[in-house]
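Following the hints, put chain Z in place on chain A, whose structure we already have.
Chain by chain, the residues run as shown.
2 protein chains.
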Amino acid sequence: MSQIWIENGLFIPMNDSALQFRGHMVVTDDRISYIGADAPNPAELSPNAERIDGSKLAFMPGLINTHGHAAMTLLRGFSDDQNLQVWLEQKMWPMEAKYVDKDTRAGSALAIVEMLKSGTTAFVDMYDRMDQVAQMVEQSGIRGVLTRGVIGLCPEDVQQAKLAEAIAFARDWNGKADGRITTMISPHAPYTCPPAYIEKFVQAAHDYDLPLHTHMSETIAEVEQNVREYGLRPVEHLDKLGFFSRPSLVAHAVHLTDDEIALLADRNVAVSHNPVSNLKLASGVARVPELLRAGVTVSLGTDSVASNNNLDLFKEIKFAALLHKGVSGDPTVIPAIEALRMGTVYGAKSIWQEGQLGALSEGMKADFIAIDLEQPHFYPQTDIVSHLVYSGSGRDVKHVWVDGRQVVKDGQCTQLDEEKIRYEAAASFERLLNG
Amino acid sequence: MSQIWIENGLFIPMNDSALQFRGHMVVTDDRISYIGADAPNPAELSPNAERIDGSKLAFMPGLINTHGHAAMTLLRGFSDDQNLQVWLEQKMWPMEAKYVDKDTRAGSALAIVEMLKSGTTAFVDMYDRMDQVAQMVEQSGIRGVLTRGVIGLCPEDVQQAKLAEAIAFARDWNGKADGRITTMISPHAPYTCPPAYIEKFVQAAHDYDLPLHTHMSETIAEVEQNVREYGLRPVEHLDKLGFFSRPSLVAHAVHLTDDEIALLADRNVAVSHNPVSNLKLASGVARVPELLRAGVTVSLGTDSVASNNNLDLFKEIKFAALLHKGVSGDPTVIPAIEALRMGTVYGAKSIWQEGQLGALSEGMKADFIAIDLEQPHFYPQTDIVSHLVYSGSGRDVKHVWVDGRQVVKDGQCTQLDEEKIRYEAAASFERLLNG
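As you go down the protein sequences, you meet chains A and Z in turn. Going by the working numbering, the first residue of the first sequence is number 3, and it counts up by one from there. Going by the working numbering, the first residue of the second sequence is number 3, and it counts up by one from there.
For the record, the hints were derived by calculation from the structure and aren't laboratory data. Treat the hints with caution; some may be incorrect.
Identical chains share a label here; the pair holds if one copy fits it or two copies do between them.
[Said to hold, decoys possible] 30 Å max Cα-Cα, derived DSSO-like pairs, lysine-lysine:
1. K104 to K178
2. K411 to K400
3. K422 to K411
4. K242 to K411
5. K100 to K422
6. K400 to K164
7. K58 to K411
8. K400 to K422
Extracted from the complex, chain A is given alone in its bound form:
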């Protein structure tokens, strides 16, 4: 049995108890065995417990990034300030076509380093060569919800092979790495997968009891195309194909009608809001206040680094809290605590691990982070939730634990060789560019 006793820390538990309180937390193996204002019962403490002085730190649940493509981290800064079609067709796709296993591995490793150091303890990843990503999740100590994203604009035999690969990956890796890996299956998007092909994913999701993930309504152009080709907007289209009969997480959901919002709420679909990516690619501003008001679970994703250009989920939290105020004209929408929920407890709900992740409560998984409060931008220490959302960043994260294991200590990854990972990412990029 391993045990950690955090003494006299400032806790932001993100559950139904106090917003913040000073107190103690005990982690036994991979779970929180005690959290409260009082010191833990000595009878329940191991004499070998690691004691951590929490007096200058804030402790909160690890952040959950609900949409991304880690391997694309190699393409950071490779194409900015471009129209979507130029970005995609002339820049992203030709480079991605050159990827081999070690590139996927190098990009994913760099992404995981960035995410862990900035306080993300669980991430959703949709890409190909997912075995490589899964191995990096296993090695790094992070938690991953992984899925092979499939573009279906190809002959039927290729479609079949891709679907089979997606199912095989999902079945092989579900529950691996001590349960840190879970899986989904993912048709890439309604505009890249014919309806009959999407139906095969829905069937497979039923057959193998897997959740579904897809891109949806990111741009006006794809919504218009959907209406033109299928006579329906994407939400109704996916609903008709049975998509929402399974637990579903959709990324982006920028362009929605009131009816679509109501349908998403009714079908209990979770939305991954990607504010920075949506701004950078000029996709628009998602109707997040309306989604939340309708009762839709909205969490946050970075999308890939190629459209962001980093993986600090505190940045998405900040943009979510600020952007919708300015655009709606209402400074009270998405208050700080709601933005922080989007990055934690709503994230857990979006990956169907509510009650296990996203809050600091007894019995839950010990995925949590420690923030260094002794910094000028956290003074005066009036309201730490406000400070984390509006003034803080992933750079304030000092320590990170996943499943009770410390994966970042004093800002450095404990399970990964950061210098080697930076070097290998640079080498992979050079080869992709000139190879």
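Relative to the frame of chain A, chain Z by itself:
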């Protein structure tokens, strides 16, 4: 004579030469005496020159924050997610009314620590008790453009006293601290100063050869009020009062017509764009792409911490680059380099110090910063300008020099006691809250 020789650094000069190059820079006393790809001429180097290995650092001009209220840093997180009137009347004003000199000093000191550490080397500040702010500028080594902001909703004798105080401050401190302090005079805003009172500032600006600064068109409500009371929108109103006959910097300028944009361009008025504050207070989204297209100088300001909630100008740069893409629907507007210009060379132009600040060129003032490039979010090192804007933050700043003097070394202020300043800010806040 003191001399610094930066060897083999990556330079982002922000002038008409290359976007970035690897090379050398020599600082002699307070100015850049050499910058270029080749090593400096040994005959021009002092044997005692401090040599700095630049191989893992990027060097760029220090950032220029063109609108703020440093003393309000004490009110960080004190009122978020509120309607403007509640925020102002129930929260800000009652606390500000309790300020005494040492509070202004404590708030300004904390603000300067934050700014220096995140790479800001010059800042515009409009508040009262400005002697306190000026003394902190003198002590800290930062550069300040300071002005006593005057609200004129008071009897005429009080108006006269305030104007006299504003003029006295501007005349006393202009050129002080080895020229690091320059001054302006500032009627607070058209909605807080009657027209006849604004005209007195204009006259004083002519009499004493001072530039003018004011808040303008931050909210729709104040624009509508201006039209109601004076029959003109704020730009035409200020123009009619002669405001723009002097060098002028206006903050916010969120709500503008095409005609107002054309008039600002014609009168050579600089605009301080405050994207985060405008979003947080739900003021709206300024028409920055249109302003830039019309030839208006647009720089960046944080506004006060009470509506931001930190002073990292890299954040404003990022928001400027991202926000206007998403809102306009055009991903090519405000490319990375243009956003970086807004934080540097356009900032210098906004405070009438172009050619002295905002770029790294021979003969210019040695106000510059060094960025630590050995971090995961800067890899692969494809495009450093893109990385600084979209992926970086003030937390990446390692060293800062102002006037050739190193004011931040390895992330710590050299002229200020950071721990004492944090403590004093906390103590001042407690006193304001409970006193």
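Going through the hints against the structure:
With identical chains, the CA atoms of K104 and K178 are at most 30 Å apart within one copy only, with a shortest distance of 21 Å there and 59 Å across copies. In this assembly of identical chains, the alpha carbons of K411 and K400 lie at most 30 Å apart whether taken from the same copy (7 Å) or from different copies (21 Å). Both within a single protomer and between protomers do K422 and K411 lie at most 30 Å apart by alpha-carbon distance, with minima of 18 Å and 27 Å respectively. Taking the shortest alpha-carbon separations for K242 and K411, neither the intra-copy value of 48 Å nor the inter-copy value of 61 Å comes in at or below 30 Å.
Proximity of K100 and K422 under a CA criterion of 30 Å is satisfied intra-copy only: 22 Å inside one chain copy versus 55 Å between copies. Proximity of K400 to K164 under the C-alpha cut-off of 30 Å is found in neither arrangement, the shortest distances being 41 Å within a copy and 47 Å between copies. For the identical chains of this complex, K58 and K411 are neighbours both inside a copy (15 Å) and across copies (23 Å), given an alpha-carbon limit of 30 Å. Taking CA atoms no more than 30 Å apart as the test, K400 paired with K422 passes in both settings, with 21 Å inside one copy and 22 Å between copies.
Consistency with the previously given hints fails for numbers 4, 6, ordered from lowest to highest.
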